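Novice: One letter stands for each residue in the lines below.
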Amino acid sequence: MNVPSARRRHSEGEPLAVLRALPPGSTGDLRIIRSASTTIRFANSRVRQPHLERSTQVSLRLADGRRLATATGSDASPEGLRRLVASASVLARVAPVERKFPGFRSPSGRGPSGLAFSKRTAELPPEDATELAEEILGAAAAEAPGARIAGVVHVGHESLRVVNSSGLDRSTNRSVAFANVLVERPDQDPPVSGWSEAAHWDAAKLAPAKLGCEAAERMARTPPETVPAGSYPVVLRGPAVGLLLLFLGNLGFAANGEVEGWSCLRRRRGKRVAPASVTLVDDPRSRDTLPRSIDYEGTWTRATPLITEGIARPVVTDLLTSGRLGRPLTGHALPPEAPWGDYGPMPTNMLLAPGDASEEELVRETRRGLLVTRFHYVRVVDPGRGIITGMTRDGTYAIENGAVARPARNLRFTESILTALEGVRLLAKERRIYSEGGESVTAPAAALGSFRFTSATLF
Amino acid sequence: MEDLIRVALNAASASGVRQVDARVVAPDRFVQLAVRDGAASALTDARTDAIGVRVRTNDAWGFATTSDLRPQPIREVAQLAVRLARAAGRHAQHSLRVTDESAPRGGRYATRVAKDPFSIPPESILELLTAAEKSLHVDRTVKSGIATFSAWEENKWYGSSDGASFSSRIIHVGAGVTATAVRGANVQRRSYPASHGGDFSQAGYEFVENLDLVAHASELGREAVQLLDAPACPTGTTTVVLGSEQLALQVHESVGHATELDRIFGSEAAFAGTSWVTPGMIGTLRFGSDLMNVVADATEPGGLGTFGWDDEGVPAQRTPIVREGILVGTLSSRESAAELGLAHSGGTARASGGDRAPLVRMTNINLEPGDLSLDELLEGVNEGVFLETNRSWSIDDRRLNFQFGTEVGRRIVQGELGELVRNPIYSGMAPEFWSSMDAVANASTRHLWGLPNCGKGQPGQVARVGHAAPVARFRRVAVRGG
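Residue numbers (this note's numbering), protein chains in the order written: chain A, 1 to 459; chain B, 1 to 482.
No wet-lab data here; the hints were simulated from the structure. Owing to the predicted nature of the structure, the values given are computational and were not obtained by experimental measurement. A couple of the hints might just be wrong.
So the derived list for chain A, only partly shown, Cβ under 10 Å to chain B, looks like this [to be verified]:
# : residue
1 : Arg46
2 : Pro50
3 : Ala71
4 : Asp128
5 : Ile149
6 : Val152
7 : Thr389
Every residue gets a Cβ at the ideal spot worked out from N, C-alpha and C, and that includes glycine.
Next up, chain A with everything else stripped away, as it sits in the complex (with noise of 0.2 Å):
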């Protein structure tokens, strides 16, 4: 499989020319996506349902003087490109006006050189990821046989191209690779589970064989049992802290939130909401995300504080909620298609700063908790104090004196992230890619002084 470029290719309408061409005193901004990805699952510890996939996606956003529409396809040659045009100019000759709408942007700035990518990762070819979908299989089945072994491993690429009638024209490329494992008895009483899982720009770092094993010696080889609902301290491992900061990035710094007023941290912009260990970021440049140099509008991505040393920082914004907010452009745009969008542009690529404590001292400074591997099915209660719900899942372990003491039926929380956030004590080192492919989160596990549980499960 050839990397696909977002560049033109034979038969492929020229953007700068379909931009020149739109209606008087229209303006707009074209994307051109091309994907390739191969997605294998393996799930009662077999390969199945492996899929490939390869697509093209253009889409238009047209501006009829400050009356803006979009206008998606997956034909991207020049008549393709001409009926994207028709489509868009129908439905913004009627839109309502975006008065803080500034108009698309003139180039200007040097974007980031050398952006992490693997040329490997993208050209995978489907039976080399079978074949890591078998390294974990193999792994797993070693460490804990008989187990039922489920999970999936990706590799693909991403390019995207933007151009809009103020003469930008940016592109960038994107290498991703993920697996996860699941490691279960579902035939005890109750079932038990681990689970382990990474992301990363380049696929030979992945290490299948390690998530095999780790998430086999996450799974409890005694019965769990129940622990009471209510407050305890936590160590929350990688996979739970990255879920929880997705949720804290959507609530707290998604733009609609501020423009619209429900944000959880809308009144506590430059005040502390987390001990002064806590420093969050999102950089989509970094080597330790799964990094792209532009957004969805074409604007350089750059570093955006969201929590530096335990304070609030801004929101993240995008052309459209930065004219509304008059804050800075962030370049955090989405695609501007994107249905559902409540939250609106959101931080895309965070990292939590690592401590440096080991997984193994966070246990050892919790003197009664929870040790949590992962969360599940989390939604959102409330979203102005942040409260937000779910699941414990696949190693949940009651820690007593210090030491992991045994293992413990699946418990519900119910928690405002704000409080999470103030309650954390530790840090580990050790920090690790999160994402199954959209935004990332690159976190350690991190322990906490309380966290609520509000029910038990059965298993």
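Put chain B on the given structure of chain A with help from the hints.
Specialist: Just chain B, lined up with the frame of chain A:
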């Protein structure tokens, strides 16, 4: 399009695989018009094309897809699907079995619409949305209003190496409005006719007109403002009456997903999860009270889960899932049905588009109505809460421990609906909860809801499914104010 399918079938069949099927979806169209706080939030017309080629060897599946509908790229992905299947089957220890089905030959299914939503001038729709959104702003505390219209058109052609073929044109539409009132950290939302974008149906634009968004909007805005000052929902164990929309989501999460056969067999274990239901329970398990009757009905007119044939060419069916509280059926595909030992698939293998492989999916999973009027149902409540319009939802990976929040609650005292309460949350274990259902209202309270955002699978698939539900009453439910 039939020619393109033939290209795919020939290219894969030449490699000696056991079975091939191909689906072209072109165009797969989605139009969304949304007005947010007086401005256009999203005016989008998306048209994508894709072909998906699925092959089956003796041991494994392979699926490959492209958005380039020229013959050569189609041949390439067909061959890549074969390579994937061969690689997947390298170490297989069991052969892959599927049920035998009578194949459709040239079947055609199309949504009947009175007014094609794609022929309605967008300015007419925007006029409606703008008026509705404006009416939400009854007070300065309403910080945000949104009015949304969505329409999907899926044009599909299916063919397989065993001679099956059909085509379809399915249209889904929907609309809704939401007001968000904010005071400090107190955020209250009210939505009509449902949260998560509104209500949706397999219908024409007449469905949107009949929602009468403008007429409902100002009352909705007032209710959002009232909720800011409403008392928190009381905490305790009490009687809960669920409105039709919230009950539909309860069915979705705790019955629909729990009875997907691929989850039961562990195929979704790592991502969506499994189920507390095991194959041996089918036919004997008490899932709920005697009043609980659930069907999977892909034939009900207007449902988002209604079609002619599923994405394996199996005809749409109406299958009992729970009868008088006993689990009697599941949702199945050809592979999962064969694994269970069934003679035929339940016809619920669906893909979200031409670029995705079919998975076991919900169709229209409906809770059958009972025979009480709403007044009669409420008369049986001395003290309790009436909960409606979903706000949050979460359930464990075996579909047991759930917690739902609704936008609004109303106290019930001596059978009468009383004051509003805010941030209600109820929780429980699925089988205990369904066993506590002691009254189901009659068909006058039943509504077939459209749910356009059911996620499953890797790569991700978002399915549109339907749920008909009446109003129902549950005893001894844990409730609290969030």
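Novice: Of all the hints given earlier, name the ones this structure violates by number, lowest first.
Specialist: none
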